[in-house]
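Sequences listed follow chains R and A, in order.
The first sequence begins at 1 in the working numbering and counts up by one.
The second sequence begins at 241 in the working numbering and counts up by one.
I should point out that these hints are in silico values taken from the structure, not numbers from a laboratory.
Keep in mind that a hint or two might mislead.
Between beta-carbon pairs, the in silico distance windows are [what the hints assert, rightly or not]:
#: 1; chain 1: R; residue 1: A32; chain 2: A; residue 2: K408; range: 53 to 59 Å
#: 2; chain 1: A; residue 1: G405; chain 2: R; residue 2: L56; range: 53 to 59 Å
#: 3; chain 1: A; residue 1: L340; chain 2: R; residue 2: D113; range: 52 to 58 Å
#: 4; chain 1: R; residue 1: P228; chain 2: A; residue 2: A314; range: 27 to 33 Å
#: 5; chain 1: A; residue 1: L340; chain 2: R; residue 2: K191; range: 41 to 47 Å
#: 6; chain 1: R; residue 1: A225; chain 2: A; residue 2: A267; range: 28 to 34 Å
#: 7; chain 1: A; residue 1: E334; chain 2: R; residue 2: G132; range: 39 to 45 Å
#: 8; chain 1: A; residue 1: R406; chain 2: R; residue 2: N77; range: 46 to 52 Å
#: 9; chain 1: R; residue 1: G135; chain 2: A; residue 2: E264; range: 38 to 44 Å
#: 10; chain 1: R; residue 1: G33; chain 2: A; residue 2: A388; range: 26 to 32 Å
#: 11; chain 1: A; residue 1: G405; chain 2: R; residue 2: N77; range: 39 to 45 Å
#: 12; chain 1: R; residue 1: A32; chain 2: A; residue 2: V341; range: 43 to 49 Å
#: 13; chain 1: R; residue 1: G135; chain 2: A; residue 2: T282; range: 53 to 59 Å
The model shown is predicted, which means the values in this text are computed figures rather than measured ones.
Note that beta-carbon positions come from the ideal geometry of N, C-alpha and C, so glycine has one too.
The chain contents come next:
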Amino acid sequence: MSALELREVVKTYGSGHAEVHALRGVSLSVAAGQMVAVMGPSGSGKSTLLTIAGSLEDPDSGEVVIGGRALSGMSRNDKARLRRRAVGYVFQDFNLLPGLTAAENVGLPLELDGTPARTAHAAALAALDSLGLAGRAGLFPDQLSGGERQRVAIARAVTGERSVLLADEPSGALDSVNAEAVMRMIHDACKRGVAAVVVTHDAQLASWADRVMFLRDGQVIDQTAPQPGPETLLTPGAQQ
Amino acid sequence: MSVRHALLALLSEGPKYGLQLREEFEARTGEVWPLNVGQVYTTLQRLERDGLAESDGAEEDSPQKTFRITAGGAAELASWLRTPPDLSAPPRDELVMKVLVARQVPGTDVREVIQAHRRYLVQLMQQWTRIKDDEADYDLSVALVVDAELFRLDALVRWLDAADGRIKRAPAQPPGPAPAALPRLRRRIGVHQ
Numbered sequence: 001m002s003a004l005e006l007r008e009v010v011k012t013y014g015s016g017h018a019e020v021h022a023l024r025g026v027s028l029s030v031a032a033g034q035m036v037a038v039m040g041p042s043g044s045g046k047s048t049l050l051t052i053a054g055s056l057e058d059p060d061s062g063e064v065v066i067g068g069r070a071l072s073g074m075s076r077n078d079k080a081r082l083r084r085r086a087v088g089y090v091f092q093d094f095n096l097l098p099g100l101t102a103a104e105n106v107g108l109p110l111e112l113d114g115t116p117a118r119t120a121h122a123a124a125l126a127a128l129d130s131l132g133l134a135g136r137a138g139l140f141p142d143q144l145s146g147g148e149r150q151r152v153a154i155a156r157a158v159t160g161e162r163s164v165l166l167a168d169e170p171s172g173a174l175d176s177v178n179a180e181a182v183m184r185m186i187h188d189a190c191k192r193g194v195a196a197v198v199v200t201h202d203a204q205l206a207s208w209a210d211r212v213m214f215l216r217d218g219q220v221i222d223q224t225a226p227q228p229g230p231e232t233l234l235t236p237g238a239q240q
Numbered sequence: 241m242s243v244r245h246a247l248l249a250l251l252s253e254g255p256k257y258g259l260q261l262r263e264e265f266e267a268r269t270g271e272v273w274p275l276n277v278g279q280v281y282t283t284l285q286r287l288e289r290d291g292l293a294e295s296d297g298a299e300e301d302s303p304q305k306t307f308r309i310t311a312g313g314a315a316e317l318a319s320w321l322r323t324p325p326d327l328s329a330p331p332r333d334e335l336v337m338k339v340l341v342a343r344q345v346p347g348t349d350v351r352e353v354i355q356a357h358r359r360y361l362v363q364l365m366q367q368w369t370r371i372k373d374d375e376a377d378y379d380l381s382v383a384l385v386v387d388a389e390l391f392r393l394d395a396l397v398r399w400l401d402a403a404d405g406r407i408k409r410a411p412a413q414p415p416g417p418a419p420a421a422l423p424r425l426r427r428r429i430g431v432h433q
């Protein structure tokens, strides 16, 4: 069973001359532990795909299935609950709440979902610790570097029982060292069973994924094939 | 890739013999550039001939023949390290040529051609990134080589993306001979043949 599935999703904005076909029948299936990257130019529908996959927006037609549950028949409250429990988001601009510490930012979704504050705080500290941020838990976002803020955002996205991680240009504003650290963390989350969709125009980030899908004008036009192991690159004679 | 200077660099650490130089060369370059032992000995003979290295005088074919760098070799190595490779002329890049040529072939969807190359490059990048994932098993030299390959391939993908965008925005070209853009470009950046 896929952790996340999109079936023939269609989304159009505006009408008449201003009509924009953001997605034209996009299907996507991500298994637990798998990372899929979606590449495409600006306006190709990448971000729309992510907001619909995360139920932040409804498709005009088609279906989104998370953990075997179709979203189309759900009430708004049920969708919001599923979002909090099963889906983590990472955005380019981090989206941390400035008035909360790193630990409070990470623990907030758990508390909103009914987890006692002390338990949520302990889970937040454990998540921050696993990402090398144990000493930064009490700091506010403006006291952290860009790389640290994004690591806090990833900790928030993977804390709890979340099975799906959705990331929109997660390292867009970071230097190459921090960008690689961010992708390594998302990759590690996948190794623990999380299904991830990473939207990016950056081939270096996309290359961390098990599969890369190419989107153009709201349609999937191509995707990468499964690759042989890296040993073929390092075997003497393989470069000929 | 200058095998000559790579061997001088290895000899700058101390005297070494041929087989040892081959093993160290491959290990230090992340085993990406295989080197056969004949190439090592031919290069060492030339270094000796040019006064950049000297041997201990053991028999010509002895595997225990030891080589060391000379003062001239050390100066040559220092000069080579600081001399930028000549990158002033655009290389005759096959990928660039294919995209340029695809525009002239009737019935060819250039953007589809671009996508075929983009997919191939990203697949190659996925393979290189797998090595990063296992980085604990590799040393700094391998990590540097992997980074260099990823940035090189990434630059090609970025060029394809830019080409894709330009071609999408460009007005349709009437059939007929293309304007001589390359000679103009060559004159403008001062490349002489």
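Please name the hints from earlier in the document that this structure breaks, with their numbers sorted from lowest to highest. 1, 2 and 4
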